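K.L.:
For reference, the chains in residue letters:
2 protein chains.
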Amino acid sequence: MTDFSMITGYNSLMNKKAVVLLSGGLDSTTCLAIAKDAGFKVYALTINYGQRHDFELNAANQIIDHYNIKDHSIVDIDLSQFGGSALTDDIEIPKDRNENEMSDIPVTYVPARNTVFLSLGLAWAETLEAYDIFIGVNALDYSGYPDCRPEYISAFEKTANLATRAGVSGNTFRIHTPLINMTKSEIISIGLQLGVDYGLTSTCYDPRHNGDPCGHCDACLLRLKGFEESGNIDPLNYSDQ
Amino acid sequence: MTDFSMITGYNSLMNKKAVVLLSGGLDSTTCLAIAKDAGFKVYALTINYGQRHDFELNAANQIIDHYNIKDHSIVDIDLSQFGGSALTDDIEIPKDRNENEMSDIPVTYVPARNTVFLSLGLAWAETLEAYDIFIGVNALDYSGYPDCRPEYISAFEKTANLATRAGVSGNTFRIHTPLINMTKSEIISIGLQLGVDYGLTSTCYDPRHNGDPCGHCDACLLRLKGFEESGNIDPLNYSDQ
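As they're listed, the protein sequences go chains A and B.
Numbered per this note's numbering, the first sequence finishes at 244, counting up by one with no gaps.
Numbered per this note's numbering, the second sequence finishes at 244, counting up by one with no gaps.
No wet-lab data here; the hints were simulated from the structure.
When chains are identical, the list treats them as one kind, so a pair holds in a single copy or across two.
Cut-off 20 Å, straight-line C-alpha distance, at most; resulting in silico cross-link-like pairs (SDA-like, lysine to any residue):
1) Lys20 / Gly86
2) Lys73 / Gly86
3) Lys20 / Gln84
4) Lys73 / Gln84
5) Lys44 / His69
6) Lys228 / Asn101
7) Lys161 / Pro149
8) Lys161 / Arg177
9) Lys20 / Asn71
10) Lys73 / Ser83
11) Lys228 / Asp209
12) Lys228 / Met105
13) Lys44 / His75
14) Lys19 / Lys73
Model, not experiment: these values are computed from the prediction.
Model the full assembly from the supplied sequences, consistent with the hints where possible.
P.N.:
Laid out in structure tokens, this is it:
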């Protein structure tokens with residue numbers, strides 16, 4: 004098996020606690036697998052934020068069962084009351100866009116989402132006395148979201164250490180983003196080497212009624228391209244497209 | 004009337020939108036009055052986070068009515084599921100502490116609370132295309148919370164501008180903390196000059212069954228000292244102490 008400490012820079016950290024943000028998607032599930040592989044005791048945090056694609060939540064629960072994770076918090080927070088995103092509003096999800104079009108920030112952007120998610124991760128981490136927080140953001144094969152960039156993560160990490168009792172007491176929070184510089188293809192390759200069952204994950208912004216992916220939204224297109232480039236087959240069912 | 008632009012640095016900004024975090028306490032209500040006085044169109048945001056002193060929420064609603072504010076979001080988010088604070092847990096609220104004791108971060112500290120609150124304020128602000136966010140934090144007569152300090156606010160502001168579509172599109176979010184360097188006495192004096200009815204506000208961490216303040220928790224003691232030093236009478240009922 005690949006030595007992921009070479010990739011992630013993590014040494015074996017058996018039973019050191021980490022909060023891992025888990026949406027149920029491909030990236031966050033790979034991120035969870037990396038944290039577990041590095042020896043962290045995982046506290047998984049899933050945010051039910053009023054997203055239209057709530058199959059994600061079912062996926063998160065299946066992944067928790069699969070990894071036999073004992074500590075899983077699901078926080079309900081209704082970001083849809085603020086509006087402003089196709090993921091929480093009745094705005095139409097864009098389909099079949101090419102990569103140039105994806106480089107603009109799309110209507111699926113949820114205002115300040117990762118800041119809300121990381122702040123909740125920080126709140127739980129501080130209570131747990133965990134100083135490691137994992138988030139599966141990615142700045143390469145992503146959808147142009149500003150809160151996936153390294154400079155944003157770095158600014159949040161600094162804020163976290165100023166915000167908290169833990170931070171002023173000499174402990175240091177680290178926001179881990181093991182996927183941030185990977186292509187989707189690399190993420191999938193590593194995940195598969197770590198034994199991730201991508202059949203459990205849910206990526207699509209606009210799934211069909213049975214939960215199967217649409218195959219046409221930005222998230223599906225990036226995922227399918229990643230599987231293709233990595234030479235693997237996506238186990239999800241894209242038929243009837 | 005005092006020219007508050009001298010104090011706050013704000014010019015008249017009629018109908019410019021601002022999100023104001025409103026807990027229903029003395030500080031946030033004064034902060035709201037300052038934002039209104041500066042001419043902002045106020046969008047008030049109250050977070051129902053599982054605090055034990057939910058009389059705060061009733062106070063926030065009364066203040067909204069009093070100021071005839073049309074836009075008030077109440078976001079429910081259960082921080083008590085993380086535990087770790089006397090404000091959300093069954094941990095006893097400290098009473099009758101002296102100021103030296105208050106300089107330690109107390110059990111009433113809620114992990115990452117202001118980061119969670121500001122991130123929600125940012126989410127709403129971005130949706131509204133409002134770039135001004137007011138929070139009534141105070142770094143002098145406060146309870147030693149790390150997320151009330153200017154360096155924390157500055158770090159969050161930087162994060163906010165990196166986190167958002169608005170920030171990367173050339174707009175700049177500002178986190179306004181007009182009270183941050185004021186004593187409690189100064190806050191009360193300014194609030195009274197702005198016509199704040201402090202009888203509507205709720206400060207106590209551990210109110211009695213009828214909502215009246217206990218008069219012994221850190222928050223009550225700081226408030227009472229502030230009224231005394233400013234030469235004013237707190238309109239709340241502290242009898243039966």
